[in-house]
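Chemist: All chains should be built: construct the whole structure from the sequences, respecting the hints.
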Amino acid sequence: MNILTDNTFESAVKNNDKPVLVDIFTEWCPPCKMLGPIVEKLGEEYAGKVDFYKMDLDKNPKTGDMFGVDRIPTVVLFINGEVKDKFIGLKEEEEIRNWINSNI
Amino acid sequence: MEEKDIENLIKKSNEYAKSKGFNLNPNNAVVSGVVKGLLIRKDGFGEIYCPCRKMTGDKKADKRIICPCIYHEEEIKKDGHCFCNLFVK
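Chains as they are written, first to last, in my numbering: chain A, 55 to 158; chain B, 1319 to 1407.
Worth double-checking, as some hints may not be accurate.
To be verified - Pairwise CB distance ranges, derived in the manner of DEER restraints:
hint, chain 1, residue 1, chain 2, residue 2, range
1, B, I1388, A, K113, 25 to 33 Å
2, A, N157, B, E1365, 32 to 40 Å
3, B, S1337, A, R151, 37 to 45 Å
4, A, G90, B, G1375, 20 to 28 Å
As the list claims (entries may be wrong) - Negatives, chain B to chain A, calculated, CB over 12 Å:
hint, residue
5, E1321
6, K1322
7, N1326
8, K1330
9, A1335
10, S1337
11, G1339
12, N1343
13, S1350
14, G1355
15, G1364
16, K1378
17, I1384
18, P1386
19, K1407
It should be emphasised that the hints constitute simulated quantities derived from the structure, not laboratory data. From a predicted model like this one, the values you see are computed outputs, not experimental measurements. Don't be surprised by glycine CBs; every beta carbon is placed ideally from N, CA and C.
Modeler: Quick look at the structure:
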């Protein structure tokens, strides 16, 4: 999955006409480790329709602060560069698929 | 981080949970993952800060997320588990 950083956020998300999903995680967060593979799999499923990124919160505090991220994992969906919706914590694959489909 | 540090913190967390009337997550993989996350943050920042919450860098403010964090009892009541799934109803 593509990696997002504070420096690439503008080009990858703000100026993207496709929906963008960002999985915000940290290295030691166990629920993040469980959610990662699920989001990775969905990323392949939505290839071409939704751009998927993951972002390490500890290495990219600026973007994290921009969206008030205080718990991880946090998954944010952007449409036309704006936050459409987000969820916090571990979720099942089907739940996330329904959430994406109801927002794009 | 040594195996005995992990075991000690799991034991201490279990005793704490029992004293409060809830439980440690029966899923050992989750418990061990969270405890390792706590100990990694202790090694890095001096306290067992919750691995699933953003640290502000302000010691006073970050006291809130030293495990057991100030949010866990409310979360267990509402969701049946604390946010990082260490403690469950």
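Chemist: Over 12 Å to the closest beta carbon of chain A is the bar; see if B/K1322 clears it.
Modeler: holds (19 Å)
Chemist: Has the hinted range 32 to 40 Å been met by the Cβ atoms of A/N157 and B/E1365?
Modeler: For B/E1365 against A/N157, whose Cβ atoms are near 38 Å apart, the range 32 to 40 Å holds.
Chemist: Would you assess whether B/P1386, listed as outside the interface, keeps its beta-carbon beyond 12 Å of every beta-carbon in chain A?
Modeler: Holds, because the least Cβ-Cβ distance between B/P1386 and chain A comes to about 16 Å, which exceeds 12 Å.
Chemist: Within 20 to 28 Å: is that where the Cβ-Cβ distance between A/G90 and B/G1375 falls?
Modeler: Roughly 25 Å apart at Cβ, these two residues keep to the hinted range, so it holds.
Chemist: Taking C-beta pairs only, is B/G1364 more than 12 Å away from all of chain A?
Modeler: Non-interface label stands for B/G1364: nearest chain A Cβ at 15 Å, farther than 12 Å.
Chemist: Grab the minimum beta-carbon distance between B/I1384 and chain A and tell me whether it stays above 12 Å.
Modeler: holds (15 Å)
Chemist: Since B/G1339 was said not to touch the interface, does its Cβ keep a gap of more than 12 Å from each Cβ of chain A?
Modeler: Consistent with the label, B/G1339 stays out of reach of chain A, its closest Cβ about 23 Å off (over 12 Å).
Chemist: Checking the smallest CB distance to chain A, is B/K1378 really beyond 12 Å?
Modeler: Given that every Cβ of chain A is farther than 12 Å from that of B/K1378, nearest at about 16 Å, it holds.
Chemist: Regarding B/S1337 and A/R151, is the given constraint of 37 to 45 Å on their beta-carbon distance met?
Modeler: holds (41 Å)
Chemist: Beyond 12 Å from chain A, beta-carbon-wise, is B/A1335?
Modeler: holds (17 Å)
Chemist: Indicate whether the distance between the beta carbons of B/I1388 and A/K113 respects the range 25 to 33 Å.
Modeler: Given a distance of about 26 Å, which is inside 25 to 33 Å, the answer is holds.
Chemist: Just want to verify: B/S1337 was marked as not at the interface with chain A; is every Cβ pair farther apart than 12 Å?
Modeler: holds (24 Å)
Violated hints, listed in ascending order, are 12, 13, 14; each of the other numbered hints is respected by the structure.
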